[in-house]
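Given chain P, work out where chain X should sit, using these hints.
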Amino acid sequence: MIELSHIRKNFGDLQVIDDISLKVNEGSVTALVGPSGGGKSTLLRCINLLEIPTSGTIRLGEAVIEFAPGKKVGWDAVQKIRRQTGMVFQNFQLFPHRTALENVMEGLVTVLKWPREKAEARARELLTKVGMAHKIDAWPSTLSGGQQQRVAIARALAMSPRVLLCDEPTSALDPELATEVVEVLSKLAAEGTTMVIATHDLRLASRVADHAVFLEAGKIVEQGAADRVFGAPEHERTRRFVSSISAAVQSGYGEGI
Amino acid sequence: MPHWLQLMMDSFPTLLWAGVKFTVPLTLLSFAFGLALGLITAVTRLFGPTPLVLIARFYVWVIRGTPLLVQLFVIFYGLPSVGILLDAFPAALIGFTLNIGAYSSEIIRAVIASVPKGQWEAAYSIGMNWRQAMARTILPQAARVAVPPLSNTFISLVKDTSLAAAITVPELFQAAQRIVATTYEPLILYIQAAIIYLALSSVLSALQVRLEKRFSRYGGMLEANR
Chain P
6 MIELSHIRKN
16 FGDLQVIDDI
26 SLKVNEGSVT
36 ALVGPSGGGK
46 STLLRCINLL
56 EIPTSGTIRL
66 GEAVIEFAPG
76 KKVGWDAVQK
86 IRRQTGMVFQ
96 NFQLFPHRTA
106 LENVMEGLVT
116 VLKWPREKAE
126 ARARELLTKV
136 GMAHKIDAWP
146 STLSGGQQQR
156 VAIARALAMS
166 PRVLLCDEPT
176 SALDPELATE
186 VVEVLSKLAA
196 EGTTMVIATH
206 DLRLASRVAD
216 HAVFLEAGKI
226 VEQGAADRVF
236 GAPEHERTRR
246 FVSSISAAVQ
256 SGYGEGI
Chain X
4 MPHWLQLMMD
14 SFPTLLWAGV
24 KFTVPLTLLS
34 FAFGLALGLI
44 TAVTRLFGPT
54 PLVLIARFYV
64 WVIRGTPLLV
74 QLFVIFYGLP
84 SVGILLDAFP
94 AALIGFTLNI
104 GAYSSEIIRA
114 VIASVPKGQW
124 EAAYSIGMNW
134 RQAMARTILP
144 QAARVAVPPL
154 SNTFISLVKD
164 TSLAAAITVP
174 ELFQAAQRIV
184 ATTYEPLILY
194 IQAAIIYLAL
204 SSVLSALQVR
214 LEKRFSRYGG
224 MLEANR
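Residue numbers (my numbering), protein chains in the order written: chain P, 6 to 262; chain X, 4 to 229.
Excised from the complex, chain P in its bound form:
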């Protein structure tokens, strides 16, 4: 469903993504893992074009864009891709001047031009799904990090994206609050939501993902079934990374590594 071919991304002279090709199937959950600066966030942001790749091709459903240095990408083409994606950010990025309910309604009302009652009904349904029905009228500043992130997930789902992109969704949260978010994401995974998750939280990745991609220095070092990559990594580099994190984290979210 998502197909990235030969994606490169340069920031000035710095090459952050170096010729990555990747497929994501409908209904699958892909974890992009690896050390900081390895390119996982950038690759994720290339999928919904918050970063425009320097070169390569992105296919998402019916929409295809080919990128080349110096080639301008039109807004309509960007929107065709972006409207099929939802994004969850590391720092939540809720709109602070809108309540939880209004945050979830915002895209439906502003972008899809839904009538307010219909948008509100949908937003209530989604907030219930992420366990935030009791905080519908709360301002984001009064919510805990885990609660904010769950509202952010509902906001991303409101637009009925074909794929949910999560950029380090638990990294700004302490382990207890992260658990709430992991619970919600694994519930979505069980319902067949297609997701791509950039994370260095192996507990999240092993709990939710069925496919894992290990990235370092802008390249794919290893990929495969999540159990296999985390359980029996083939490459020495992946093995070191997995064991260093497993050693640091003794207790898991329930189902450990």
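Simulated from the structure, these hints should not be mistaken for lab results.
Everything hinted at is true.
With a straight-line Cα cutoff of 25 Å, these simulated DSS-like cross-link-like pairs (lysine-lysine) come out: (1) K85/P with K118/P; (2) K216/X with K140/P; (3) K77/P with K120/X; (4) K192/P with K134/P; (5) K118/P with K134/P; (6) K120/X with K85/P; (7) K24/X with K162/X; (8) K123/P with K85/P.
Residues from chain P that face chain X, not an exhaustive set, calculated with beta carbons under 8 Å: (9) Q84; (10) R87; (11) R88; (12) M92; (13) F94; (14) N96; (15) P101.
Where a beta carbon is used, it is the ideal one built from N, C-alpha and C, also for glycine.
Relative to the frame of chain P, chain X by itself:
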């Protein structure tokens, strides 16, 4: 009744009427137009193409770098030499609007830039275009930060409108001058004018407090968003 009190009571209606008829409209209109001009200038400087950015910077540079009184004289007394004849009130309105536009554009530019980049990304990620993101996500948050500095500008403007007296606008200060010319009581009349200016700007300060309260209901930009 002492003489000074009698004089104050006699002249008060005249001064107040001059204030209501000229000072207040001049202030409100030039602030409204000036804010619109400031917003356009700020957005141009942040997001516009280079030639327009240069024009916007030139405008701010000239207005901020020259005295307001001189600007008013150029517009009212100078422009007729090139065939542009303006009445005193429109001339003052143009002068003050240009002035507010330049000063407020710097404030607006700063507060727009102060909204974290992640808020743009969040808006884009739910499918908004630039205009929607600006109108619904960025400006409402920027407006909150802008209230204190823009209130400063507004309150300065009320007092600066007294400069319009110099280009024959019969506003509050000029009304006081006229009465002084016949009564020879500068101390009483000018203090009275000062009191009315003080009352006007106090109303605005109170308005600022109310606006700040209203904006603070949501608790500000989130720390985590920074």
